[in-house]
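Chemist: These are the residues of each chain, in order.
Number of protein chains: 4
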Amino acid sequence: MNYVDYLQLKNLLSCQQMESERLAKPAHDEMLFIIVHQVYELWFKQILFEVDSVMEIFEKERVNEESLGLVAHRLQRVVTIQKHIVDQIAVLETMTPLDFLEFRDLLVPASGFQSFQFRLLETKLGLRSRDRVSFAGKTLEKAPPPEEESKSLFVLIDRWLSRTPFLKMRDFDFLINYKVCVDKMLLRDKGLIEGNPSLSEDGKQRQLAALEVTRHNFEALFDRNIYDELLKSGERRMSYDAALASLLIFLYRDRPIFQQPFHVLTALVDMDEWFTTWRYRHSLMVHRMIGTKIGTGGSSGHDYLKRSADQHKVFTDLFDLSTFLIPRSQLPSLPKELQRKMDFIYSSEEERAS
Amino acid sequence: MNYVDYLQLKNLLSCQQMESERLAKPAHDEMLFIIVHQVYELWFKQILFEVDSVMEIFEKERVNEESLGLVAHRLQRVVTIQKHIVDQIAVLETMTPLDFLEFRDLLVPASGFQSFQFRLLETKLGLRSRDRVSFAGKTLEKAPPPEEESKSLFVLIDRWLSRTPFLKMRDFDFLINYKVCVDKMLLRDKGLIEGNPSLSEDGKQRQLAALEVTRHNFEALFDRNIYDELLKSGERRMSYDAALASLLIFLYRDRPIFQQPFHVLTALVDMDEWFTTWRYRHSLMVHRMIGTKIGTGGSSGHDYLKRSADQHKVFTDLFDLSTFLIPRSQLPSLPKELQRKMDFIYSSEEERAS
Amino acid sequence: MNYVDYLQLKNLLSCQQMESERLAKPAHDEMLFIIVHQVYELWFKQILFEVDSVMEIFEKERVNEESLGLVAHRLQRVVTIQKHIVDQIAVLETMTPLDFLEFRDLLVPASGFQSFQFRLLETKLGLRSRDRVSFAGKTLEKAPPPEEESKSLFVLIDRWLSRTPFLKMRDFDFLINYKVCVDKMLLRDKGLIEGNPSLSEDGKQRQLAALEVTRHNFEALFDRNIYDELLKSGERRMSYDAALASLLIFLYRDRPIFQQPFHVLTALVDMDEWFTTWRYRHSLMVHRMIGTKIGTGGSSGHDYLKRSADQHKVFTDLFDLSTFLIPRSQLPSLPKELQRKMDFIYSSEEERAS
Amino acid sequence: MNYVDYLQLKNLLSCQQMESERLAKPAHDEMLFIIVHQVYELWFKQILFEVDSVMEIFEKERVNEESLGLVAHRLQRVVTIQKHIVDQIAVLETMTPLDFLEFRDLLVPASGFQSFQFRLLETKLGLRSRDRVSFAGKTLEKAPPPEEESKSLFVLIDRWLSRTPFLKMRDFDFLINYKVCVDKMLLRDKGLIEGNPSLSEDGKQRQLAALEVTRHNFEALFDRNIYDELLKSGERRMSYDAALASLLIFLYRDRPIFQQPFHVLTALVDMDEWFTTWRYRHSLMVHRMIGTKIGTGGSSGHDYLKRSADQHKVFTDLFDLSTFLIPRSQLPSLPKELQRKMDFIYSSEEERAS
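Protein chains in written order, with our numbering: chain H, 1 to 354; chain A, 1 to 354; chain U, 1 to 354; chain E, 1 to 354.
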């Protein structure tokens, strides 16, 4: 075994064929262009490898607690790679627009939008065809097959969260208890506004109106029917039970049994944030590189990327959940017995012993 | 002189007064919140210091070539700081939404949007009141005074560029020569499309239509009247002469006399790109931190930031200029005498000697 | 409450008093120099704040499992800040040596080595006076008081690890079981070397010698007396029990009860790695900034920093532990009952139910 | 032309053959290990491509001023890539030591030290065989051929610098003028020390001794014979003339003709700094990954890397030069005629016209 053979370097390092050189008009920066994109594809392969391994774990009927540490670790690795490839845009930006022009025409109509791996990745995470920004008036060719959509990470995570047994334990109904606390909080806030002597009448009315909006938002959380409306209208995507389970995990993340699930959810939010950032930074780069040159379909590359940046987010529901958090000090405290269940056997035995 | 006194550390390190502690409800993460924002303000001060020093140079009637190296260097320093403070968002994101909630209410209505330094910075770069995204239906209070707008970096750079003598030399009119090359290029492209046997009739028509759009775009470059229309409609902001000068610099950046101006323009594009990135990353962070809580004015913080990300860009014209570049090989070659003028005296004398 | 008052910006932004300006010889880059160092001190304050809060948790007789998530989270925050301040060196490096020279003499003898917060931080982590690289032939003045050393994070972590009950359970002695596996592995390796037909006699002897070194290393792990020798000679610092506990955690990190302790240990290694990196990068920066100018004590700043980079590492034992890991497939499997104890009560009950 | 064929993705993405999978003992993290190293090799190829193109420029008898902008730009690109691959270590560090152990034995004796491209790169920059840290008592096999050494970037840069005509112009001898200023500065410093009432006699003596060391250092700069001694002893490597030229460029970098040479020298220092950082960070990573396992030759991987970090630096002379800078205010001012020669023809003509 040696390094060169193991990494198949001979093969790997022969994949850089400059088109400009083939046509005897060598453009120095084409090498950078090729290598930057090849490196991207290698990282996409790695991310797909990690995401696949995570999906395999969630495909099981029962996800054991041990695997969750592994899941969190692998998703965090994906995030580390994502940060790295956002940074990589700086490398490509050492190519100036004029230098790009030296070979740009030779590549037409090849384009980074044709990266099958990246589109596959978006689909695997949970992006559906209908969520996609349409580019130049039509859907992208060679999209991953639709059957991928029904078994995406989003779907698997939703299913896993929905199974959480802690939402309704014999002696504790989370939702009922949470509603009591929220109502108390809103009432208290109302009192504070009404009794605030330094507020003008106008200011008072505006703040009370805002409070009303907040109360209205919470209703969708407490009433499955209202939530279903939001699902239908597309304002929500996550199932009702999964949303509640996520909330529970965010609120009680310190309980030993929720620590890993909390890391998993956080990593999903991170992943979404970094892919969004990647698409956005990319759009800025394309803008400076080719200006506003409008494509045949009436749309420009950087416009497409800018719009997709946010619209291709998958776990938006998890971002939105922050709307429904209430301060720890006002949280319903969990019954002793429930707390015990969420702890380690060893800790419990030790406690009894002492 | 000692380190502690020199840096006024006693004073500096006593500026962190946690509100939650003052109210006897200590929230651990408030310290991070305070320090992150204080560090931001220190960097803003530094950036303002650099931008001011650069503006001072451009305020002179004649900017000597020596200072341009300094200008490029200081703007590049600003970019280095900008990259660094985008990265700093990761530090604040170690605070979870729930932890923020522990002290969030104590700060109302204080908000990062009240950073006077940042707004001053945007204004100094060239953002005008009317360009600003309106937040919650009204303009932000305490905006920098309007007289700042008339002497912004944008204005100064525009004036400096407009003075470039190289646009019209006795024996060389850049624009006329450039138009010839562009026309030749467009004609050649037309021929290639029409003669392409592998294109369907439909495809041919679409490509020809796109070419027509390109030709139309170029017209605004070659006809001051059309350009003026774009200025009026707000599609362009840079003056006609400044735009041509920028194009000249981008195209002939290798000429010794254009090397520093090219670095200056590139740094301006970089600055815009990084402030845009900063606002966008910020909007994602706010979204995950407080969800979609809608403010009293009917707008949410992350929405404002997301919209301002792009809209507060100042040097968009420089991004757009890439649309008008043509490959080096098709550029009009500069007359010998003009080339000589752009070179160093020493080089010229040496050449003559040899 | 408003932003300016809350962050004490008036005060904060008045702490930048350029010495060169006071002496009427304004040196532009002094502002950068001041702000970069002030930002460092703010981050040091934040890191100290986090480390203090973590030490408070470990000072308790019993560290409950819930707090470990918090500990890991806060140490990881420290690591995030560390990465950020290593990156910050790039900002200072936009100052050239010649620009530094404009005001360097005005600061003498003030020096970054006088940062009390940084030295306090090193001491709190566990650096002892005697571990410190002596600078210019003498110890640094104003070192933190020695009593800090006896209650450092290192000491607290060591004590916490030593209390781990899992090293010796009624029905499982980790060390005995581990030794069996290691012996088996070494024997197998010996066989492989001796039976390898492609090895020359010479190569065989060299590999066998190396194997002997490995066996010898392991002895210190299996024999408390040998280990004590290493403690005395300074080759090890962590107590025997703490070292074994760390090994246990590294090896069985997937067990739910070890997941957080594993994150805590990993964060400690990360912290050490990043402070080491910071000191090293710093030494390179000082070298390019002031060359090899030798101080009055016969030592130069960058030399001191380079030597301290590695020598001021605190948790070296945790780095070294990798020497003693064996592959998962060859690990002693834990008895069922022990595995159960390491799991959640809920999981166990659910399993019984199914 | 399409994206997949252009980037040869089929081929590229088939180069990841996990050894652990071939042997039916799949180790998940081997994929990461392979891809991280392949990405490194792709970047090395790119860096070599840039360095080669720069060397080609310097191989010419006369380097025209236009190319210097290009040289600076390409070297800065290399630095951008270097920063990026230092950051990439974070990706590999998401692999834990235990996970590495799952497949580590399968790779023996393949090792990153066998990267031919990296060694070639070091040689091309200017590292000579005798400068290399010997690993395990012997030189590394497959080192690049010695003829590479005689035409390294170091050699080419040295030759280019030595040709600088500005060291000795008809009417200005830089060295003589510089010596006058340095002597004046040293004398003034001596006076300040001797007349300082707040200094103890002891302190005075120590400071005067330090000043003597400084004077001694400068002697090597002013006396070619002393310098030659340092060359022989290996304390210096750059030729005398090249060292003086570098000093000149560092001191008068604002002169238009020196702006690009200054950027070139700065980029060389940056490159050295980042390769040094890369090797050092690498050594820390290896330490945490495999501990102190001692190789057959009596040396461990992380030791080798740590020692090579600094020792493989190539342009140390440029770092050391900062020792000899004096403040701008005390610099000999260049004669008018010389200044003119360093300026653009256009500027000069314009000045005459006004």
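Calculated directly from the structure, the hints in this document are not laboratory data. Be a bit skeptical, because a hint or two may be false.
Identical copies carry no separate label here, and so any pair may be met within one copy or between two of them.
[Claimed, not checked] Computed list of lysine-lysine pairs in BS3-like fashion (alpha-carbon distance at most 27 Å, straight line):
1. Lys168 with Lys204
2. Lys168 with Lys179
3. Lys60 with Lys168
4. Lys10 with Lys25
Keep in mind it's a predicted model, so treat the numbers as computed, not measured.
Chemist: For each hint, tell me whether it holds in the structure or not.
Modeler: Going down the list of hints, with the structure as the test:
In the homo-oligomer, the alpha carbons of Lys168 and Lys204 never lie at most 27 Å apart, since the shortest distance is 39 Å inside one protomer and 64 Å across protomers. In the homo-oligomer, the alpha carbons of Lys168 and Lys179 lie at most 27 Å apart inside one protomer (14 Å), although the nearest pairing across protomers, at 47 Å, exceeds that limit. In this homomeric assembly, Lys60 and Lys168 come within 27 Å of each other (Cα to Cα) only inside a single copy, at 23 Å, whereas the closest approach across copies is 35 Å. In this assembly of identical chains, Lys10 and Lys25 lie within 27 Å of each other by CA distance both inside one copy and across copies; the values are 25 Å within and 26 Å between.
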